[in-house]
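Number of protein chains: 2
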Amino acid sequence: MPDPHVVIVGGGFGGLYTARNLKDVPVRVTMVDRHNYHLFQPLLYQVATAGLNPSDIATPIRGIVRKQANVNVLLGDVVSIDTSKKSIALTDGASLAYDYLVLATGATHSYFGHPEWEAIAPGLKTIDDALDIRRRVLLAFEAAERETDPKKQEALLTFVVIGAGPTGAEMAGALSEIARQTMLRDFRRIDPSSARVILLEGKDRVLPPYPPDLSEKARQQLVRLGVEVITNAIVTDVTTDHVSIGERTIATRTVVWAAGVAASPLAQTLGVPLDRAGRVLVEPDLTIPGHKDVFVIGDLAAVRMRGEQWVPGVAPAAIQEGQHTAMNLERAVDGQPLRAFRYNDKGSLATIGRAAAVADFGRFKLSGFLAWFAWLAIHIFFLIGFRNRFLVITQWAWAYLTYQRGARLITGRTSTERSP
Amino acid sequence: MPDPHVVIVGGGFGGLYTARNLKDVPVRVTMVDRHNYHLFQPLLYQVATAGLNPSDIATPIRGIVRKQANVNVLLGDVVSIDTSKKSIALTDGASLAYDYLVLATGATHSYFGHPEWEAIAPGLKTIDDALDIRRRVLLAFEAAERETDPKKQEALLTFVVIGAGPTGAEMAGALSEIARQTMLRDFRRIDPSSARVILLEGKDRVLPPYPPDLSEKARQQLVRLGVEVITNAIVTDVTTDHVSIGERTIATRTVVWAAGVAASPLAQTLGVPLDRAGRVLVEPDLTIPGHKDVFVIGDLAAVRMRGEQWVPGVAPAAIQEGQHTAMNLERAVDGQPLRAFRYNDKGSLATIGRAAAVADFGRFKLSGFLAWFAWLAIHIFFLIGFRNRFLVITQWAWAYLTYQRGARLITGRTSTERSP
Numbered sequence: 174m175p176d177p178h179v180v181i182v183g184g185g186f187g188g189l190y191t192a193r194n195l196k197d198v199p200v201r202v203t204m205v206d207r208h209n210y211h212l213f214q215p216l217l218y219q220v221a222t223a224g225l226n227p228s229d230i231a232t233p234i235r236g237i238v239r240k241q242a243n244v245n246v247l248l249g250d251v252v253s254i255d256t257s258k259k260s261i262a263l264t265d266g267a268s269l270a271y272d273y274l275v276l277a278t279g280a281t282h283s284y285f286g287h288p289e290w291e292a293i294a295p296g297l298k299t300i301d302d303a304l305d306i307r308r309r310v311l312l313a314f315e316a317a318e319r320e321t322d323p324k325k326q327e328a329l330l331t332f333v334v335i336g337a338g339p340t341g342a343e344m345a346g347a348l349s350e351i352a353r354q355t356m357l358r359d360f361r362r363i364d365p366s367s368a369r370v371i372l373l374e375g376k377d378r379v380l381p382p383y384p385p386d387l388s389e390k391a392r393q394q395l396v397r398l399g400v401e402v403i404t405n406a407i408v409t410d411v412t413t414d415h416v417s418i419g420e421r422t423i424a425t426r427t428v429v430w431a432a433g434v435a436a437s438p439l440a441q442t443l444g445v446p447l448d449r450a451g452r453v454l455v456e457p458d459l460t461i462p463g464h465k466d467v468f469v470i471g472d473l474a475a476v477r478m479r480g481e482q483w484v485p486g487v488a489p490a491a492i493q494e495g496q497h498t499a500m501n502l503e504r505a506v507d508g509q510p511l512r513a514f515r516y517n518d519k520g521s522l523a524t525i526g527r528a529a530a531v532a533d534f535g536r537f538k539l540s541g542f543l544a545w546f547a548w549l550a551i552h553i554f555f556l557i558g559f560r561n562r563f564l565v566i567t568q569w570a571w572a573y574l575t576y577q578r579g580a581r582l583i584t585g586r587t588s589t590e591r592s593p
Numbered sequence: 174m175p176d177p178h179v180v181i182v183g184g185g186f187g188g189l190y191t192a193r194n195l196k197d198v199p200v201r202v203t204m205v206d207r208h209n210y211h212l213f214q215p216l217l218y219q220v221a222t223a224g225l226n227p228s229d230i231a232t233p234i235r236g237i238v239r240k241q242a243n244v245n246v247l248l249g250d251v252v253s254i255d256t257s258k259k260s261i262a263l264t265d266g267a268s269l270a271y272d273y274l275v276l277a278t279g280a281t282h283s284y285f286g287h288p289e290w291e292a293i294a295p296g297l298k299t300i301d302d303a304l305d306i307r308r309r310v311l312l313a314f315e316a317a318e319r320e321t322d323p324k325k326q327e328a329l330l331t332f333v334v335i336g337a338g339p340t341g342a343e344m345a346g347a348l349s350e351i352a353r354q355t356m357l358r359d360f361r362r363i364d365p366s367s368a369r370v371i372l373l374e375g376k377d378r379v380l381p382p383y384p385p386d387l388s389e390k391a392r393q394q395l396v397r398l399g400v401e402v403i404t405n406a407i408v409t410d411v412t413t414d415h416v417s418i419g420e421r422t423i424a425t426r427t428v429v430w431a432a433g434v435a436a437s438p439l440a441q442t443l444g445v446p447l448d449r450a451g452r453v454l455v456e457p458d459l460t461i462p463g464h465k466d467v468f469v470i471g472d473l474a475a476v477r478m479r480g481e482q483w484v485p486g487v488a489p490a491a492i493q494e495g496q497h498t499a500m501n502l503e504r505a506v507d508g509q510p511l512r513a514f515r516y517n518d519k520g521s522l523a524t525i526g527r528a529a530a531v532a533d534f535g536r537f538k539l540s541g542f543l544a545w546f547a548w549l550a551i552h553i554f555f556l557i558g559f560r561n562r563f564l565v566i567t568q569w570a571w572a573y574l575t576y577q578r579g580a581r582l583i584t585g586r587t588s589t590e591r592s593p
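Line by line, the protein sequences give chains F and U.
Residue 174 is where the first sequence starts when you use the numbering used here, and the numbers rise one by one after that.
Residue 174 is where the second sequence starts when you use the numbering used here, and the numbers rise one by one after that.
If you are wondering where the hints come from, they were derived from the structure by calculation, not from laboratory data.
All residues carry an ideal CB built from backbone N, CA and C; glycine is no exception.
Treat the hints with caution; some may be incorrect.
Covered stretches of chain U (chain F as the covering partner; in silico rule of three or more C-beta atoms under 8 Å from a C-beta of chain F) [to be verified]: (1) 202-214; (2) 298-312.
So the derived label-pair ranges between C-beta atoms look like this [unchecked claim]: (3) D518/F / Q241/U: 33 to 43 Å; (4) Q241/F / I407/U: 45 to 55 Å; (5) K376/U / D265/F: 46 to 56 Å; (6) F554/F / A270/U: 33 to 43 Å; (7) G286/U / R201/F: 50 to 60 Å; (8) P175/F / A550/U: 48 to 58 Å.
Here chain F stands alone, though its shape is the one from the complex (with noise of 0.2 Å):
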């Protein structure tokens, strides 16, 4: 008999830590993912701000796992989930039977009803989304630099960015710094300088997860970045050429979209209870209601932690599910019983900008340099793979030392081409 077939859908941190766990399980592992790379997304502003390349965030999948000879990674898109027959479909018509399925599909972002709105504000998930907003933010320099009307060079000089979570206060730092520092010599008519970058918030402070005081710590280091922060901002239109907030408007023709969070739409097949965003309500041990044989991971799943609290969506805690998940499939195989998933919190951190950032270690919390010094660390440490992190290293030290971004180039089909 071959060994219990376990299918891995997603590639992100919980996919991949679970694959990884299972080295020496007898199982074979299918991972399937709609990209070919597993994705460092605390970085992906970095790209989107042309401070890094894709290829230093992202690494193919089939390289991490290839001296892993019981994995089998398969690009492929998965439509639907029959928790009765044991068996994903694909969108080419293909299905994949399992005998333990583990969901790792991750989050995208919600547009809070107004579907309508993500074409003009994109959100920052995939590596497409990141040469999206870096393509449009340089665009934005180029064509205030060729507009003679004050007021549209105005408009094309601001940059709004929507929600001021991690992702948002980070975006919005970054944008400022390439403004007030990497452009600064580049145009002869425009003064980047002069340009606005705009951090709007709903709720009263910036880094909403944080305890209060860290908030104000990010909100000053922003405002000293140039950063303007309007918190209890809630966004009522978002059109071609403003942003509305109730009354006020804001023109500008760049916006970045970092607000809300809904679960990739493939949990809805499953038919078990999901949360206001879409999320799976998992049992303690990870798996859905009735079925000890699927498992809900990562952004994917709410994992209440005691009382009221929820496991929060960031890369730690998709690790460690995934490497309990892993676990309890080795368990599962063996016959023993499941054991629940308990949250390790090691802390938070947030970046602003250059030497800039906050973090949250529970017993004490830094702000300022060391804080920055401690997320560079950590999160070089985290990337997979040794090419990338030295490659990051080497360019995250130029550009520090010389405030240039080398990724500045405007790739994708542009309203300035046409074909020869």
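The hints should help you fit chain U onto chain F, whose structure is shown.
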């Protein structure tokens, strides 16, 4: 009175070297390009074959000329030239007046009267072309891994490169290396080293501009790398599932076009004689007949050397023409007569793969490792910008030692992707 206005169209080698050599000349320079970057085209095939990142071989034009106060950069696409009114028209309706015009918009591929082949067999001229080819090649391996029909699998693992000039030979060698080394242990069902790479050439030998003995050496090195070379192969049809050479048919899903040269169509709006490839037949001083204020350089120009010999369409020629034109512009501003251009042929180099290349320095010829090393040194030396040079060396050293290609990412919208 303001300094004379020099408009340079195209930020390739020709345009950039003209601008840089006008540093101390009392002129105002405007560089217009449809991309915001200068591209080191000789290494573009390395991006297409996942060896390098786009930003390793491309540098923002603004960054290159930022310290040169008399240069202005404009992102824009020129549609026509009016030599009587001394102005150029841009796609967005704007126009730009010049005192002197330097046209350096280069060349694209010619499909020999079969424009319908372009969508199936992309050429390799821009970063987007390279990323497109990279995506197609990597997706072909992924599709082969999923395919169960052996005939279809074989077609998916057959790669055809049309044209065995330097670009075609380099592409074929690199593709063969990817299949035989990089991808070797990445797949479980297919054997990537069973992939066929077929290089088609219409003439009777590879690298036709090189001496016959070097062509033969290059052919031997290609064969050693696993490339099937077919000469005297006139392609009669290119479809989504095969390439025809007369009666013979090759089943393939991935075709790269590296044959034929067609000058940028902008030349047609000048109203002066062009050669068969659409290049401008320039005067000995690189101006166009009847207009001493319009210079045409680089791949857009047909420059006679002596007798029936023409200056080749290579980077060193464009660089020398740019330097010469800057000198002539200085003379023109000074009221002195223009000087005729003389091409200084420093030799040619083509690489075929890991430690394989041929070099023709006139007095002596090289092949194998020494030629490859010379190629490496010269190409890195010519890369614009220290950062790129350093990163490219790092990435190459890593790739050389480990056989890995780090930029193996499939980006851009693909058929397996759906919006969430």
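Right, here's what the structure says about each hint:
Counting residues of the segment 202-214 of chain U whose beta carbon lies closer than 8 Å to any beta carbon of chain F gives 4, which reaches the threshold of three, so the coverage claim holds. Using a Cβ-Cβ cut-off of 8 Å, 5 residues of the segment 298-312 of chain U lie near chain F, which meets the minimum of three, so the contact claim holds. Here the CB-CB span from D518/F to Q241/U is close to 53 Å, at odds with the stated 33 to 43 Å. Range check, Q241/F to I407/U: Cβ separation about 48 Å, and the 45 to 55 Å hint holds.
For the hinted restraint 46 to 56 Å between K376/U and D265/F, the CB-CB distance of approximately 41 Å leaves it violated. Hint check: F554/F to A270/U, Cβ distance near 56 Å, so the stated range 33 to 43 Å is violated. Between G286/U and R201/F the Cβ separation comes to about 52 Å, which falls inside the hinted range of 50 to 60 Å. About 53 Å separates the C-beta atoms of P175/F and A550/U, a value consistent with the hinted range of 48 to 58 Å.
Violated hints, in rising order: 3, 5, 6; the structure is consistent with all others.
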